[in-house]
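**Student:** Sequence:
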Amino acid sequence: MNNHVMGYPLKQYACQISAIAPLSENTYQVDLLAPDDASLSYHAGQHLQLELNPEQEAGMQSLSYTIANACKPDSPQRLQLIIHKNSEFSGKIIKTLAALHHSKKSARVTLPLGKAYLQTRLDQPHVLVAAGSGIAKIKCIIEEIVNRKPDADVTIYWSNRSLNDFYLLDFFQRLKSLYKTITFIPVLESKSPGWAGRSGYLYEVIQQDFASLEHTKMYLCGSPAMVYGTMDQLKNRGLKEQNCYSDVFEYAPRLPQSEG
Numbered sequence: 000m001n002n003h004v005m006g007y008p009l010k011q012y013a014c015q016i017s018a019i020a021p022l023s024e025n026t027y028q029v030d031l032l033a034p035d036d037a038s039l040s041y042h043a044g045q046h047l048q049l050e051l052n053p054e055q056e057a058g059m060q061s062l063s064y065t066i067a068n069a070c071k072p073d074s075p076q077r078l079q080l081i082i083h084k085n086s087e088f089s090g091k092i093i094k095t096l097a098a099l100h101h102s103k104k105s106a107r108v109t110l111p112l113g114k115a116y117l118q119t120r121l122d123q124p125h126v127l128v129a130a131g132s133g134i135a136k137i138k139c140i141i142e143e144i145v146n147r148k149p150d151a152d153v154t155i156y157w158s159n160r161s162l163n164d165f166y167l168l169d170f171f172q173r174l175k176s177l178y179k180t181i182t183f184i185p186v187l188e189s190k191s192p193g194w195a196g197r198s199g200y201l202y203e204v205i206q207q208d209f210a211s212l213e214h215t216k217m218y219l220c221g222s223p224a225m226v227y228g229t230m231d232q233l234k235n236r237g238l239k240e241q242n243c244y245s246d247v248f249e250y251a252p253r254l255p256q257s258e259g
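Heads up, the sequence shown is in numbering that gives the first Met the number 0, so the first residue is 0 and it goes up one at a time.
Calculated directly from the structure, the hints in this document are not laboratory data.
Careful, some of the hints might be misleading.
Quick list of the computed label-pair ranges, beta carbon to beta carbon [what the hints assert, rightly or not]:
{"id": "1", "residue 1": "D150", "residue 2": "A97", "range": "40 to 50 Å"}
{"id": "2", "residue 1": "A57", "residue 2": "D150", "range": "27 to 37 Å"}
{"id": "3", "residue 1": "A210", "residue 2": "S105", "range": "18 to 28 Å"}
{"id": "4", "residue 1": "D73", "residue 2": "G193", "range": "31 to 41 Å"}
{"id": "5", "residue 1": "Q55", "residue 2": "P252", "range": "32 to 42 Å"}
Calculated pairs, BS3-like style, for lysine-lysine (alpha carbon to alpha carbon, straight line, at most 30 Å) [as the list claims (entries may be wrong)]:
{"id": "6", "residue 1": "K94", "residue 2": "K179"}
{"id": "7", "residue 1": "K71", "residue 2": "K114"}
{"id": "8", "residue 1": "K175", "residue 2": "K234"}
{"id": "9", "residue 1": "K234", "residue 2": "K71"}
{"id": "10", "residue 1": "K148", "residue 2": "K114"}
{"id": "11", "residue 1": "K94", "residue 2": "K84"}
{"id": "12", "residue 1": "K175", "residue 2": "K104"}
{"id": "13", "residue 1": "K148", "residue 2": "K179"}
{"id": "14", "residue 1": "K84", "residue 2": "K104"}
{"id": "15", "residue 1": "K239", "residue 2": "K148"}
{"id": "16", "residue 1": "K104", "residue 2": "K10"}
{"id": "17", "residue 1": "K103", "residue 2": "K84"}
{"id": "18", "residue 1": "K104", "residue 2": "K148"}
{"id": "19", "residue 1": "K190", "residue 2": "K148"}
{"id": "20", "residue 1": "K10", "residue 2": "K190"}
Heads up, the beta-carbon is just placed ideally off N, CA and C, and yes, glycines get one too.
Starting from the given sequences, assemble the full structure and let the hints guide the process.
**Tutor:** Put into structure tokens, the structure is as follows:
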């Protein structure tokens with residue numbers, strides 16, 4: 000069974016939108032700031048609920064976002080989100096957050112939520128796997144790992160469909176240069192003329208790099224098809240399901256497979 004880590008109580012905060020900055024054409028980093036007297040508590044890899052009213056006629060809505068920054072004592076009120084403007088609705092969310100930022104009004108935030116947070120012993124090898132926007136969770140987890148154990152053995156895979164989607168390349172390349180036991184591998188789904196790096200399905204690239212995953216802890220962030228497909232394909236490398244952690248296990252659990 001997965002290791003148990005003491006959970007933090009669920010709390011609500013009125014947070015200011017302190018900054019909104021584009022990371023790419025359709026991706027934004029949103030910084031939230033809790034009140035000065037607040038001291039946020041959450042595990043790396045958890046998410047929050049943001050109460051917003053992006054569609055006036057629909058009323059307030061609870062929107063779930065992964066917390067993209069580790070909880071640090073020197074900035075205990077700061078929360079970072081990565082939001083993609085990939086639909087009309089998400090465009091309204093960005094517009095609503097920008098209006099709150101300019102008017103200096105606050106938004107209600109509830110945290111922490113989610114069970115697939117960093118909860119494993121860092122003296123064991125770790126593989127962190129993200130597809131697309133799942134990289135926000137991996138960013139938070141790796142920040143916490145290097146805070147706790149700078150020489151941890153960690154391999155990070157980030158898969159995207161387009162070159163333009165690698166909006167955090169500089170962040171991960173810098174980590175890789177600072178911490179010699181961290182390996183970062185960006186993966187493009189299909190080969191592209193402007194791409195000299197790895198390409199293909201995530202499980203294919205991981206299989207090329209690892210002869211055995213028997214003693215490896217793996218955190219997976221992406222669609223249910225990606226998470227379960229990657230896990231199933233890596234069983235032949237010794238990956239054990241009890242060593243895997245993903246939010247998918249909560250919101251899209253698969254039915255137990257019948258034998259025979």
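**Student:** Per the hint of 18 to 28 Å, is the separation of the Cβ atoms of A210 and S105 within bounds?
**Tutor:** 52 Å Cβ-Cβ, so the 18 to 28 Å window is violated.
**Student:** Verify the proposed pairing of K104 with K10, using a straight-line Cα cut of 30 Å.
**Tutor:** holds, 19 Å
**Student:** So if I understand the rule, the pair passes when the alpha-carbon distance is 30 Å or less; does K84 with K104 pass?
**Tutor:** Between K84 and K104 the Cα gap is close to 22 Å, so the pair holds against 30 Å.
**Student:** Taking only the CA atoms, is the gap from K148 to K179 under or equal to 30 Å?
**Tutor:** holds, 12 Å
**Student:** Compare the distance between the alpha carbons of K175 and K234 with 30 Å, and conclude whether the hinted pair is satisfied.
**Tutor:** holds, 28 Å
**Student:** Is the Cα-Cα distance between K10 and K190 30 Å or less?
**Tutor:** violated, 45 Å
**Student:** Checking one constraint from the list: CA of K175 to CA of K104, max 30 Å. Satisfied?
**Tutor:** violated, 38 Å
**Student:** With a cut-off of 30 Å on the C-alpha distance, tell me whether K94 and K179 pass.
**Tutor:** violated, 40 Å
**Student:** Going straight from one Cα to the other, do K71 and K114 come out at no more than 30 Å?
**Tutor:** holds, 20 Å
**Student:** Given a hinted range of 40 to 50 Å, is it respected by the beta-carbon distance of D150 and A97?
**Tutor:** Holds - the Cβ-Cβ distance for D150 and A97, about 41 Å, lies within 40 to 50 Å.
**Student:** Straight-line Cα separation of K104 and K148 no greater than 30 Å?
**Tutor:** violated, 38 Å
**Student:** Are A57 and D150 spaced within 27 to 37 Å by their CB atoms?
**Tutor:** violated, 49 Å
Hints 2, 3, 6, 9, 12, 18, 19 and 20 from the earlier list are contradicted by this structure; the remaining hints agree with it.
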